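Peer 1: So the sequence lines, in the order shown, correspond to chains A and B. Letter 95 of the first sequence, counting from 1, is numbered 95 in my numbering, and no numbers are missing. Letter 173 of the second sequence, counting from 1, is numbered 173 in my numbering, and no numbers are missing.
These aren't lab readings, by the way, just hints derived from the structure by calculation. Each hint should be verified, as a subset may be incorrect.
[Said to hold, decoys possible] Here chain A is said to cover these stretches of chain B; the calculated rule only asks that three of the stretch's residues, wherever they fall, bring their Cβ under 8 Å from a Cβ of chain A: (1) 10-17; (2) 70-76; (3) 156-163; (4) 332-346.
[To be verified] The list that follows gives simulated cross-link-like pairs (lysine to aspartate or glutamate, EDC-like), each with its CA atoms no further than 16 Å apart: (5) B:Lys-249 <-> A:Asp-38; (6) A:Lys-16 <-> B:Glu-315; (7) B:Lys-286 <-> B:Glu-315; (8) A:Lys-16 <-> B:Glu-62; (9) A:Lys-16 <-> B:Glu-59.
Keep in mind it's a predicted model, so treat the numbers as computed, not measured. Glycine is no exception: its CB is placed at the ideal position from the N, C-alpha and C atoms.
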Amino acid sequence: MNTVNYTLINPTTTAKVPDFNGAQRIPTLAGTTLGIIDDSKRNADVLLEELADVLINRYEISNVIWHKKPSASRPADPKEINNLAAKCDSAIIAIGD
Amino acid sequence: MSESNQDTTSIQIVDPINSFEIGYELGWTDGLPIVPPTDYKVSEFLEYSNLSGDEVVGEIPERRREITSRKIAANAVMAGCLPEYFPVVLAASKAMLEPKFNLVGPSSSLGGAAILVIVNGPIIKQIGINSRGNLFGPGNRANATIGRSIRLVLMNACAAVPGLFDRSVIGHPGKFSYCIGEAHSETHWPGLHEERGISSDSSAVTVFAAEAPRQVRAVGDPEAILYSIADAASSLGTSLSTSGSVSDKSVGIRQGEIAVTIAGDSSLWAQWTKQQVKETLYSQIKRSVADLKKAKVFKGDIVESDEHTFIPLLESPDDILLLFAGGEEANFSSVIPSWGPKVASTAATVQIEL
Numbered sequence: 001m002n003t004v005n006y007t008l009i010n011p012t013t014t015a016k017v018p019d020f021n022g023a024q025r026i027p028t029l030a031g032t033t034l035g036i037i038d039d040s041k042r043n044a045d046v047l048l049e050e051l052a053d054v055l056i057n058r059y060e061i062s063n064v065i066w067h068k069k070p071s072a073s074r075p076a077d078p079k080e081i082n083n084l085a086a087k088c089d090s091a092i093i094a095i096g097d
Numbered sequence: 001m002s003e004s005n006q007d008t009t010s011i012q013i014v015d016p017i018n019s020f021e022i023g024y025e026l027g028w029t030d031g032l033p034i035v036p037p038t039d040y041k042v043s044e045f046l047e048y049s050n051l052s053g054d055e056v057v058g059e060i061p062e063r064r065r066e067i068t069s070r071k072i073a074a075n076a077v078m079a080g081c082l083p084e085y086f087p088v089v090l091a092a093s094k095a096m097l098e099p100k101f102n103l104v105g106p107s108s109s110l111g112g113a114a115i116l117v118i119v120n121g122p123i124i125k126q127i128g129i130n131s132r133g134n135l136f137g138p139g140n141r142a143n144a145t146i147g148r149s150i151r152l153v154l155m156n157a158c159a160a161v162p163g164l165f166d167r168s169v170i171g172h173p174g175k176f177s178y179c180i181g182e183a184h185s186e187t188h189w190p191g192l193h194e195e196r197g198i199s200s201d202s203s204a205v206t207v208f209a210a211e212a213p214r215q216v217r218a219v220g221d222p223e224a225i226l227y228s229i230a231d232a233a234s235s236l237g238t239s240l241s242t243s244g245s246v247s248d249k250s251v252g253i254r255q256g257e258i259a260v261t262i263a264g265d266s267s268l269w270a271q272w273t274k275q276q277v278k279e280t281l282y283s284q285i286k287r288s289v290a291d292l293k294k295a296k297v298f299k300g301d302i303v304e305s306d307e308h309t310f311i312p313l314l315e316s317p318d319d320i321l322l323l324f325a326g327g328e329e330a331n332f333s334s335v336i337p338s339w340g341p342k343v344a345s346t347a348a349t350v351q352i353e354l
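Next up, chain A with everything else stripped away, as it sits in the complex:
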């Protein structure tokens, strides 16, 4: 049989990740404000409240600002992210379940 050459259109896509600079690391948590995003999964609040207690008691975090997403499946609202970025020194985002 003869060999026939074909060109196929690739049906897949690849992720295009823009360049970004990560935030500067903070030298200590003592006396700083922590932001926490609760994803609304069952028991996420239990896990994150416990974590906040540990960080306050062991690392002397002085203030915690909470945001709870309306749905675990929705990305966090950029307004809320900007709000946390303006007010917090560090943040925890996590999937609880």
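With the hints as your guide, set chain B onto chain A.
Peer 2: Relative to chain A, chain B alone:
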């Protein structure tokens, strides 16, 4: 043998009958054989819709991906579509990439949603979409390949690969193909597209992130049929009757949307408007607090009043996508709960550009 880059792949085929094997080699299939998406077949589809291929149809920002018309055409070719089906695939892709549909949720969730594609309007007859017997079953090229195209777009262009971003626990057969037409021209009821703001003489698709259909085998009397449909729709264990993953706890359960298909002879419903059917169903799709406590959806011990206190599984009658569709021989129905609450994904309708 093949050589790939991001946009094209060069292959050499010895035996054309085995050409579909390239789909397995490159990981492009849903498990079934595909039609190789050759450049000339993809061009034929794009030309049918007067597109260059570079148009961005939508994005999934969370996965940093842009979906062009060329990628959608390639997947439609692979699924076995004809060029005249492509406008439907394109509109359905556009609809599921709308922000309110939040594709990242239903395409990744443990909940295992399939994307139900509901077609309305003159295009149903023009390209031969089935809206009657064997509604969700096999046997019709347009339904089978349009539905399959959407799954291939999800897997290939949207990265919803099983085991990778698609984390379905059980999934369902609709994840291979899930496309139906509504037989609205055979009833006095308005089509779903008309209810959702598209003119009745235009064609449209509605996409709905959904669980599998459950048949309701009730016939003969409208009230009795609706009672049975509502009973099936009120099941424990659907997405609607569970809690969790939403922050609004005022109702205590997630609620959501539900599609309902009603088949048979439309004259049975001559005295009923679509709205009346939806309102009747809405008032009956509910579950007692006692049952929700037994299922541990609600916490706490059951008290006497819990047996008589009911929680609606829907927020509004308009959260029912009511469709006249299915075989003519019997008034069988189906209920299809949404994958999630409306805050996580809402059905989206887009007009088909012809």
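Peer 1: Compare the structure with each hint and give your call.
Peer 2: Hint check:
1. Check on the segment 10-17 of chain B: 7 of its residues sit with their Cβ under 8 Å from a Cβ of chain A, so the three-residue criterion for coverage holds.
2. Coverage of the segment 70-76 of chain B by chain A holds in this model, with 5 residues showing a Cβ closer than 8 Å to a Cβ of that chain against a need of three.
3. Coverage of the segment 156-163 of chain B by chain A holds. Counting CB-CB distances below 8 Å, 4 residues qualify, and the rule asks for three or more.
4. Only residues whose beta carbon comes within less than 8 Å of a beta carbon in chain A count, and the segment 332-346 of chain B has 5; three or more means the coverage holds.
5. At roughly 14 Å between alpha-carbon atoms, Lys-249 (chain B) and Asp-38 (chain A) fall within 16 Å of each other, so this suggested pair holds.
6. Taken as a hint, the Lys-16 (chain A) and Glu-315 (chain B) pair is broken in the structure, with Cα atoms around 39 Å apart against an allowance of 16 Å.
7. With a C-alpha separation of about 11 Å, the suggested pair Lys-286 (chain B) and Glu-315 (chain B) falls inside the 16 Å cut-off, and the hint holds.
8. Straight-line distance between C-alpha atoms of Lys-16 (chain A) and Glu-62 (chain B) comes to about 11 Å, which keeps the hinted pair within the 16 Å bound.
9. Distance hint between Lys-16 (chain A) and Glu-59 (chain B) is fulfilled; the C-alpha atoms sit about 11 Å from each other, no more than 16 Å.
Of the numbered hints given earlier, the model fails hint 6 alone.
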